[in-house]
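Participant: Chain B with the ligands: place on chain A using the hints.
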Amino acid sequence: MPNIAVFIEQRDGAIKKVAWQMISQARRLADAAGGEVWAVLLGGDANAAAGPAGAHGAHKLFHAGDQLAAYDSERYGVALATFCRAQKPDLVLVGATALGRDLAPKTAAKLGCACVSDAIALTFEGGAWEVRRPVYAGKCFVDVVPKTAPAIVGIRPNAFVAQEGTGAPAPVVAFDAGQAQVTPKAVVREIVTATAGRVELTEADIVVSGGRGIKGPEHYALIEDLAAALGAAAGASRAVVDAGWVDYSHQVGQTGKTVGPNLYIACGISGAIQHLAGMSSSKCIVAINKDAAAPIFKVADFGIVGDLFEVVPALTEAVRKIRG
Amino acid sequence: MKIAVCVKQVPDSETRISLAAPAAKLDQTGFTRVLNPYDAYAVEEAVRIKEARGGEITAITVGPETVKETLKKDCLAVGCDKAIIINDPALAEADEAAIAEVLCAALRKDAYDLVLFGIKAIDDDSGQVGILVAEKLGLPHVSTVTKLELGDGRLTAHREIEGGKEIVDCPLPAVLTCQKGLNEPRLPSLPNIMKAGMKPMQVVTCADLGIAPPTSLVQVKQYSPPPARGTCRLVGGDDAAAAARELARVLNEEAKVI
Ligand SMILES: Cc1cc2nc3c(=O)[nH]c(=O)nc-3n(C[C@H](O)[C@H](O)[C@H](O)COP(=O)(O)OP(=O)(O)OC[C@H]3O[C@@H](n4cnc5c(N)ncnc54)[C@H](O)[C@@H]3O)c2cc1C
Ligand SMILES: Nc1ncnc2c1ncn2[C@@H]1O[C@H](COP(=O)(O)O)[C@@H](O)[C@H]1O
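Chains as they are written, first to last, in my numbering: chain A, 1 to 324; chain B, 1001 to 1258.
It is possible that some hints are incorrect.
Claimed, not checked - Calculated cross-link-like contacts (lysine to any residue; reagent style SDA-like; alpha-carbon spacing at most 25 Å):
| # | chain 1 | residue 1 | chain 2 | residue 2 |
| --- | --- | --- | --- | --- |
| 1 | B | Lys1221 | A | Arg189 |
| 2 | B | Lys1256 | B | Ala1242 |
| 3 | A | Lys110 | B | Pro1213 |
| 4 | B | Lys1147 | A | Arg189 |
| 5 | A | Lys110 | B | Lys1256 |
| 6 | A | Lys215 | A | Ala293 |
Because the hints were derived from the structure by calculation, they are not lab data.
So that you can see chain A by itself, here it is in the shape it has in the complex (with noise of 0.2 Å):
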């Protein structure tokens, strides 16, 4: 049987909403393969999530919570390929999350299984997943099959919709996730939250990001201002970022983050390949350049040649009368 477990990622009890994105997708797959879909948590609160999983189409809900409430690799791994020895999923997803990146690859190790990173299409064609991803920074997509099961495969968020029916909460299991036994090496002393409130780069459904064009960190402000109005995340070229007037983590790019929101707006940025990396997947791209002959027009759908400065500031006023 072709069951499809999904990982659903917790911080602090509240969930990662590419688990609802995932639980759809694998609903969508295992109603076609014949399979169910399992929505597997540690640590949290199984309650809270069984409504929402259940809705999204997960068939249970497997849960285990002793010393599981905080991340680290070890634990989490040993917990996450002790569920998969005992159940046997044909396939695991894992959002491609700071949490997800280090416990994928660490259970596939565990298991000695494949393990595909940053998928953005799934498919079971011929009894077979195919798992679609993209390489050289977005450059090209690269269609692989994995040869065992189970595969762990990381889901890069927004990759898929998430669709939330009528479906009763899904009933809980509690399982042994044998980490009782575990003592981390590596253990988490602290966490530092830099920016309570944020919405977070990778993660949001839209993202506002500045570029040189903004001449200097003091006007950081006007893009600010756009995100907020839009409730966006707000981003930045590494030329920004090198000048030292943002920090590192809003650099969106081949050596930044890898974003694809519904609306990316690109002010003042040029569009070098190394930028468009990081973003060409948005699904609707928006440049405010003065200079019509901009590579980022290239691979906009909309965009307004003028004066940043002007435009920025009128967008945010008429976007606020828009969204009220």
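Facilitator: Using the frame of chain A, we list chain B with the ligands on its own:
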């Protein structure tokens, strides 16, 4: 301190990939090859540790011998002491799991206190190999490291997460994957590049390491070009404010993205 740095040679980030239609293989002729940018942070960190506490740094790579120039210029000339190239035709199609297996075989030949990786290679964009190696060797790891402090037989590393960082304590030996922000890699000087030619560079095969070439767990079916994007619709108006208002309207009513 004995430090190993695992490095990969990758196509330059400027590389354009021209694929008209799906293909089983990528045509890589004409690619300019450089050290993976994230591996440069790993090399630099190793050199700084050596400068502070002494020790020896071995750069290890799996790939064809065309990597020699990169190893000399970007590893040996900036402070690595020796290099090992694992070159085996059987590894031409190796996936991350197979590369990790081969690196483990090389790493087991010596006792390293620290094994450093980049967070990901900018060609396959996988971000797996360092973590796979750690688990296969039974070593603890910290991934996505942006700050490192070494103590006696232990380390403290800052690990980047969404909207913040984790501060992780870990005993040695350990595996780290290095992220931008950890340091500023130095450039090699011309005299050091000349001198690097004298440092040992060993080329070995899987058989030399005492292993059979590992099989890949993932099979590549095809490469394809990303979907083409339409042409850009320029939005104008009497002045910037009018253009901005019109853009907001289009995004709201037509594209329905805000
Ligand atoms: C190995 C490597 C990795 C890299 N990784 C990344 C990466 O991850 N991300 C990244 O972004 N870059 C990356 N780069 C850098 C990249 O090549 C470019 O240098 C960078 O993206 C340029 O940033 P920019 O567009 O902000 O600046 P510029 O190229 O200088 O463009 C500024 C733009 O602003 C416009 N402008 C100026 N004033 C105004 C105004 N008043 N109103 C409107 N428009 C205005 C100009 O017309 C111009 O198009 C990398 C480079 C290398 C070599
Ligand atoms: N062929 C290789 N030889 C040596 N090290 C490698 C090789 N491939 C990957 N690595 C290391 O593993 C890291 C992650 O690579 P990847 O998992 O392929 O994205 C790289 O930054 C390198 O440090």
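Participant: Does the alpha-carbon distance linking Lys1221/B and Arg189/A stay inside the 25 Å limit?
Facilitator: violated (43 Å)
Participant: With the threshold set at 25 Å, check whether the alpha-carbon distance from Lys215/A to Ala293/A stays at or below it.
Facilitator: It holds: about 19 Å lies between the C-alpha atoms, which stays within 25 Å.
Participant: Check the hint pairing Lys1147/B with Arg189/A against an upper bound of 25 Å on the C-alpha distance.
Facilitator: holds (14 Å)
Participant: Lys110/A and Lys1256/B were given as a pair; does the straight-line alpha-carbon distance stay at or below 25 Å?
Facilitator: violated (45 Å)
Participant: Lys110/A and Pro1213/B: Cα distance at most 25 Å?
Facilitator: holds (20 Å)
Participant: Between the alpha carbons of Lys1256/B and Ala1242/B, is the straight-line distance 25 Å or under?
Facilitator: The given pair, whose Cα atoms are some 19 Å apart, holds under the 25 Å limit.
Hint violations for this structure: numbers 1 and 5, all remaining hints satisfied.
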